[in-house]
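Quick note on numbering: UniProt numbering labels position 2 of the sequence shown as 2, and the sequence is numbered without any gaps.
No lab work stands behind these hints, which were simulated from the structure alone.
Some hints could be false.
Claimed, not checked - Label-pair ranges, simulated between beta-carbon atoms:
(1) P37 to Q117: 16 to 22 Å
(2) H94 to D2: 20 to 26 Å
(3) V132 to M1: 33 to 39 Å
(4) G74 to M45: 26 to 32 Å
(5) I137 to A72: 27 to 33 Å
(6) H121 to T70: 36 to 42 Å
(7) A139 to G74: 28 to 34 Å
(8) G135 to D26: 31 to 37 Å
(9) R13 to T70: 33 to 39 Å
(10) E56 to T36: 22 to 28 Å
Beta carbons are placed, not taken as given, at the ideal position from N, Cα and C, and that holds for glycine.
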Amino acid sequence: MDTADRFVAAVGRRDLSALEGLFAGDIRLYSPVTFTPFEGKAMVMGLFGVLVRVFEDLRYIGRLEGAAQTRADGTETRSVVLPFLATVGGKQIHGIDLLQFDEDGLVREFTVMVRPQSALHALAAAVRAGLVADGLIPADH
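Take the sequences, apply the hints, and build the full model.
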């Protein structure tokens, strides 16, 4: 079982401690609801704490292997795209998670894309409320 498989299994169990072990310390998560990425394992884990509460009936519906890429430093990285369906605030979401791995097989970059726009708005409101409630961002942010 590779990192992507362990990620899908951990999300299915809503197992935050299992997820934490899959992320590089310098992970960056690019969210469809913020311009600036979430950076570092602590912040990304805080976000996932919110997401496991916000997403209803999240299920991954496939897996696409990405091509290996060579970074500027000469190291090679691979990626996996995980299409998913979920519900947030009564809105059906269709999205993808793009996981890019470091040389140790940990998730270094994580990009989320979702549609339709009405679901994106519901997701943004729910995530913001959760981040504020958990003290991860100020209420006036």
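Each hint tested on the structure:
1. P37 to Q117: 16 to 22 Å: For Q117 against P37, whose Cβ atoms are near 21 Å apart, the range 16 to 22 Å holds.
2. H94 to D2: 20 to 26 Å: holds (24 Å)
3. V132 to M1: 33 to 39 Å: holds (36 Å)
4. G74 to M45: 26 to 32 Å: The hinted range 26 to 32 Å holds for G74 and M45, with Cβ atoms some 30 Å apart.
5. I137 to A72: 27 to 33 Å: Given range 27 to 33 Å: holds, Cβ gap about 32 Å.
6. H121 to T70: 36 to 42 Å: holds (38 Å)
7. A139 to G74: 28 to 34 Å: Check failed, 45 Å falls outside 28 to 34 Å.
8. G135 to D26: 31 to 37 Å: Check failed, 23 Å falls outside 31 to 37 Å.
9. R13 to T70: 33 to 39 Å: Between R13 and T70, where Cβ atoms are some 34 Å apart, the hint holds.
10. E56 to T36: 22 to 28 Å: About 27 Å separates the Cβ atoms of E56 and T36, which means 22 to 28 Å holds.
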